[in-house]
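S.K.: Chains as they are written, first to last, in our numbering: chain A, 5 to 274; chain B, 5 to 274; chain C, 5 to 274; chain D, 5 to 274.
What the hints contain is simulated information worked out from the structure, not anything from laboratory work.
Where hints are given, some of them may not hold.
As the list claims (entries may be wrong) - Partial list, derived from the structure: chain B residues whose beta carbon lies under 7 Å from chain C: (1) 23; (2) 24; (3) 25; (4) 103; (5) 151; (6) 154; (7) 163; (8) 165; (9) 184; (10) 263; (11) 267; (12) 269.
Glycine is no exception: its CB is placed at the ideal position from the N, C-alpha and C atoms.
Protein chains: 4
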Amino acid sequence: MTRPDGDETVRDAVADWWATAITRMSPGVIEMRGRPIQDLIGTVGLVEMIWLLLRGDLPTPRQASLLEAALVAGVDHGPHAPSIAVARMAATCGVGLNNAIASGVNVLGDAHGGAGQQCVEMLTEVCERRREGADVADAAGATIEAWRARSPYLPGFGHRFHPVDPRRAPLLGLVEAAVVEGVVAGDFLAAATAVEQALQRPGRRPVPINIDGCTAVIYGELGFPAPLARGLFVLSRSVGILAHAWEETQSGRRNKGPMPPDIMPTFLTP
Amino acid sequence: MTRPDGDETVRDAVADWWATAITRMSPGVIEMRGRPIQDLIGTVGLVEMIWLLLRGDLPTPRQASLLEAALVAGVDHGPHAPSIAVARMAATCGVGLNNAIASGVNVLGDAHGGAGQQCVEMLTEVCERRREGADVADAAGATIEAWRARSPYLPGFGHRFHPVDPRRAPLLGLVEAAVVEGVVAGDFLAAATAVEQALQRPGRRPVPINIDGCTAVIYGELGFPAPLARGLFVLSRSVGILAHAWEETQSGRRNKGPMPPDIMPTFLTP
Amino acid sequence: MTRPDGDETVRDAVADWWATAITRMSPGVIEMRGRPIQDLIGTVGLVEMIWLLLRGDLPTPRQASLLEAALVAGVDHGPHAPSIAVARMAATCGVGLNNAIASGVNVLGDAHGGAGQQCVEMLTEVCERRREGADVADAAGATIEAWRARSPYLPGFGHRFHPVDPRRAPLLGLVEAAVVEGVVAGDFLAAATAVEQALQRPGRRPVPINIDGCTAVIYGELGFPAPLARGLFVLSRSVGILAHAWEETQSGRRNKGPMPPDIMPTFLTP
Amino acid sequence: MTRPDGDETVRDAVADWWATAITRMSPGVIEMRGRPIQDLIGTVGLVEMIWLLLRGDLPTPRQASLLEAALVAGVDHGPHAPSIAVARMAATCGVGLNNAIASGVNVLGDAHGGAGQQCVEMLTEVCERRREGADVADAAGATIEAWRARSPYLPGFGHRFHPVDPRRAPLLGLVEAAVVEGVVAGDFLAAATAVEQALQRPGRRPVPINIDGCTAVIYGELGFPAPLARGLFVLSRSVGILAHAWEETQSGRRNKGPMPPDIMPTFLTP
Chain A
5 MTRPDGDETV
15 RDAVADWWAT
25 AITRMSPGVI
35 EMRGRPIQDL
45 IGTVGLVEMI
55 WLLLRGDLPT
65 PRQASLLEAA
75 LVAGVDHGPH
85 APSIAVARMA
95 ATCGVGLNNA
105 IASGVNVLGD
115 AHGGAGQQCV
125 EMLTEVCERR
135 REGADVADAA
145 GATIEAWRAR
155 SPYLPGFGHR
165 FHPVDPRRAP
175 LLGLVEAAVV
185 EGVVAGDFLA
195 AATAVEQALQ
205 RPGRRPVPIN
215 IDGCTAVIYG
225 ELGFPAPLAR
235 GLFVLSRSVG
245 ILAHAWEETQ
255 SGRRNKGPMP
265 PDIMPTFLTP
Chain B
5 MTRPDGDETV
15 RDAVADWWAT
25 AITRMSPGVI
35 EMRGRPIQDL
45 IGTVGLVEMI
55 WLLLRGDLPT
65 PRQASLLEAA
75 LVAGVDHGPH
85 APSIAVARMA
95 ATCGVGLNNA
105 IASGVNVLGD
115 AHGGAGQQCV
125 EMLTEVCERR
135 REGADVADAA
145 GATIEAWRAR
155 SPYLPGFGHR
165 FHPVDPRRAP
175 LLGLVEAAVV
185 EGVVAGDFLA
195 AATAVEQALQ
205 RPGRRPVPIN
215 IDGCTAVIYG
225 ELGFPAPLAR
235 GLFVLSRSVG
245 ILAHAWEETQ
255 SGRRNKGPMP
265 PDIMPTFLTP
Chain C
5 MTRPDGDETV
15 RDAVADWWAT
25 AITRMSPGVI
35 EMRGRPIQDL
45 IGTVGLVEMI
55 WLLLRGDLPT
65 PRQASLLEAA
75 LVAGVDHGPH
85 APSIAVARMA
95 ATCGVGLNNA
105 IASGVNVLGD
115 AHGGAGQQCV
125 EMLTEVCERR
135 REGADVADAA
145 GATIEAWRAR
155 SPYLPGFGHR
165 FHPVDPRRAP
175 LLGLVEAAVV
185 EGVVAGDFLA
195 AATAVEQALQ
205 RPGRRPVPIN
215 IDGCTAVIYG
225 ELGFPAPLAR
235 GLFVLSRSVG
245 ILAHAWEETQ
255 SGRRNKGPMP
265 PDIMPTFLTP
Chain D
5 MTRPDGDETV
15 RDAVADWWAT
25 AITRMSPGVI
35 EMRGRPIQDL
45 IGTVGLVEMI
55 WLLLRGDLPT
65 PRQASLLEAA
75 LVAGVDHGPH
85 APSIAVARMA
95 ATCGVGLNNA
105 IASGVNVLGD
115 AHGGAGQQCV
125 EMLTEVCERR
135 REGADVADAA
145 GATIEAWRAR
155 SPYLPGFGHR
165 FHPVDPRRAP
175 LLGLVEAAVV
185 EGVVAGDFLA
195 AATAVEQALQ
205 RPGRRPVPIN
215 IDGCTAVIYG
225 ELGFPAPLAR
235 GLFVLSRSVG
245 ILAHAWEETQ
255 SGRRNKGPMP
265 PDIMPTFLTP
């Protein structure tokens, strides 16, 4: 990126402090990544706009539809998810819908929504080992070992609730089709499949790729850096958070706690 | 809504406390508004998913594209917007991208993002006065008067920065086309246009419908309740908030304050 | 407040944009409300510091102890409070303690924590009616009537859980003692007592002053504007929020939902 | 901790899910760490309450005053701190004071407020090396080396703004006095002093212990686990965040951006 030359005055210093390559504003003008907003409204979809703002160019229709599938898949997983429960309780406390959504989004941390980011990182390690010459099974095995030395959790695999996640087949099916059509290279899909196979033990329950793993494959195939896997999941889950906060708002309940009021929390004596 | 009959046990009471009509979960099953998630992934777009979760049914393609235009139009307005500035600063403080986005979304309150909700309410008042027999110009005039008695701000009209907002023409053009095609009834468009005309004074700078007003027209025409105008704007602006937080993250800056460090805030002596 | 004279340059404009009367900073210097920080550390207590930053001067020891009692009384009310439940769930999601606390504080809105602010406003109305000549019983009655015309909730009176709130007697006792000693005037105490009496109906369960009402009396007596009743409650409840978030952190649980995982939310069919 | 015996019913399971050792509630009863709230109001200070809720017992007066000094010292550092700037902007956006405070607290992450936590961890490492037999200078040197291998930042030392932080002398003076009186052991003070000396290079500007380092010494001496250094800083800084949000509220400004509206952010062309 380049900045226009010129004397560095205080005005320039302040303007530079808030420099951005995303949006150019002047009276009557809004350009996003160099494109006038009036050329985008009505011609570009929301998913293409997400891509444009994050990456500076527009996706092909096939890239956009792959990204869209990932975003659609993650919108909700019901009130057991802390993000949803938090937003529903917030909506009863006399704050705005924006505050309720923010409360839900705020808890999409390393342990809840962050698995996608970590899974992109892990699958990137598998890809790097392959580029250095390992075959994919060895690359997966070595990466699993390295990851387990650092953390008790292997991100993107297994689910405490679903034996088979119903989102797995359609998402991976879309990636497979995209590989066949040359839309994406297939390295992340191969890496994830190899990890899944390496985790398979005779006589043991399988540890299948879960929703975080499936979307990590898509984000990785499309070239998004790992932290954006979390960012994109936030956009996706915000849809469910809004829907739940709105449903709760309509109930008229005030100060909803986590359980019916007649059940008292157990008091733990020291 | 109906609940299954049966003895009200503690388990039922707790389950009912978190009752929802949005998503049904059981092991291996995720259904959204009654539709299996595997039937939605790859066939339904993100905007249709937003509509489905909020309203329980799917929009027609023309309804979806109108909603999509409103969501695309609001994604960003640069770092002067508090939501964007807040998210950029948050991103430098060693918190997750989800926390940075939440910080930005949290400030989309009554005075920043809430204008859309208020504008839907105001335009609804105009529509109600018409239904009671007033012509649209009188309905607009009476509503402006009633609104000004309650608040110094007329939501959805005028802009401190853009003499003509470049998003106005394409958005209203899409609504006009949708009215012609019978997709929407046109009552909110008529109401907004009448308010705009009523605000016009000879020799004075016009007070045109702004982005909040244009999207309020769309949300109102599509039948969204007023609070969802704010909710939908949150989804839209989250895209820009994420893009700016991510751009700032890449700068590597730590603890970004609001201005270059060598400028000290003026100290106001008592 | 006065600003130093001088040419309005860009630097001045930016410095003025962030002008403050709270803290003066220069290299090696931190002054709070005109007092060097090194003179405050070790000599001034936390409660006095709260008062100093909010009001510009230091409280007398008796004023400080009255404020301290209100702050001590509100620190916690257990996990049924949404603020506490939210913070505990947040703490299991892989975010920082600061994010968990923010999530809890964020829900202390109009319906949860905002009652103190509203009660100061209501008691102020009673005081104003007295200043205009009404006796306190009439002033209380007229204010109750006016308030009920605007809202179904009378802030600061009654409790859904405690028939008698154990915090009521010690808090009001401290205010009574302060009135006797001339520390405060007693107008808010008289107003609250009159409202409590006006709500008493023969043969009906009494509607006693609750914790929000008791602290509203203290904040009002000490001269805090109504919005600071909410702000001060935030400082107080932050203590409990931190303690609960920390307790939950130590459990090692990840992604705590609102109920045990084997209880599924009731699905409401349309 | 022990739980009452008895059959594990659904009610018990739900009650246990929200078990806590902090507060016991029943109608008419609020006990904090086993002490009735009515015995605490008016007799225990806010700082003692913080200690009680976090640790289960009450501090001695000397312990409380040391903790109080640390909490007083960190309340504010002016609008350059992102937490303060964020809260001030939030306060102009039409959200509640609680939301403005939450927005500020939310950014007190690893890079802004987290240094205290990291410094407690680092000083703990020095103490552990001493316990294993190293003298304090060697322990400090080895710890600095180990820390620098992991991170470019040495937490708690140096300040980009203050050559000498005016909070350093009074805080360390209070710790020294407490060591002399036997209130605390002095290990963290010795560790911090040894690190400061090890960083001293002939002809170079010193890298003195900063506010995060001084408060880390106090928290460490008092036996708080490292994460609570961040938690306690949140309580402290919340005071300044509230004061700034309130000051900005009184200005009446709406939608305050980060700089005067006539300065436009530099647009970075690709």
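S.K.: Verify the interface restraint on residue 103(B): the C-beta must sit less than 7 Å from at least one C-beta of chain C.
M.R.: Holds, because the Cβ-Cβ distance from residue 103(B) to chain C comes to roughly 5 Å (cut-off 7 Å).
S.K.: Under the criterion of a CB-CB separation shorter than 7 Å, is residue 25(B) in contact with chain C as hinted?
M.R.: 4 Å, holds
S.K.: Verify the interface restraint on residue 24(B): the C-beta must sit less than 7 Å from at least one C-beta of chain C.
M.R.: 6 Å, holds
S.K.: Hint check: is the beta carbon of residue 263(B) less than 7 Å from a beta carbon of chain C?
M.R.: Hint holds; residue 263(B) Cβ to chain C Cβ min 5 Å, cut 7 Å.
S.K.: Mind checking the CB of residue 151(B) against every CB in chain C and telling me if the closest is under 7 Å?
M.R.: It is violated, given that the least Cβ distance between residue 151(B) and chain C is near 19 Å, above 7 Å.
S.K.: Restraint: residue 267(B) near chain C, CB-CB cut 7 Å. Satisfied or not?
M.R.: Cβ of residue 267(B) sits 5 Å from chain C, so the hint holds.
S.K.: How about residue 184(B): closest beta carbon in chain C under 7 Å, or not?
M.R.: The hint is violated - residue 184(B) has no Cβ within 7 Å of chain C, the shortest such distance being about 33 Å.
S.K.: Using 7 Å as the Cβ threshold, decide whether residue 165(B) counts as touching chain C.
M.R.: Result: violated, 16 Å to nearest chain C Cβ.
S.K.: Is the interface hint satisfied for residue 269(B)? The criterion is a beta-carbon contact with chain C at less than 7 Å.
M.R.: This hint holds: residue 269(B) lies near chain C, its Cβ roughly 4 Å from the closest one there, short of 7 Å.
S.K.: With chain C as the partner, please determine if residue 163(B) meets the hint condition of a C-beta pair closer than 7 Å.
M.R.: 21 Å, violated
S.K.: So, as I understand it, the hint says residue 154(B) touches chain C; can you test that by seeing if any CB pair is closer than 7 Å?
M.R.: With a minimum Cβ separation of about 14 Å from chain C (threshold 7 Å), the hint on residue 154(B) is violated.
S.K.: Does residue 23(B) pass the interface hint, meaning its C-beta sits closer than 7 Å to a C-beta of chain C?
M.R.: Check passed: Cβ of residue 23(B) comes within 4 Å of chain C, closer than 7 Å.
In terms of the numbered hints stated before, the structure departs from hints 5, 6, 7, 8 and 9, listed from lowest to highest.
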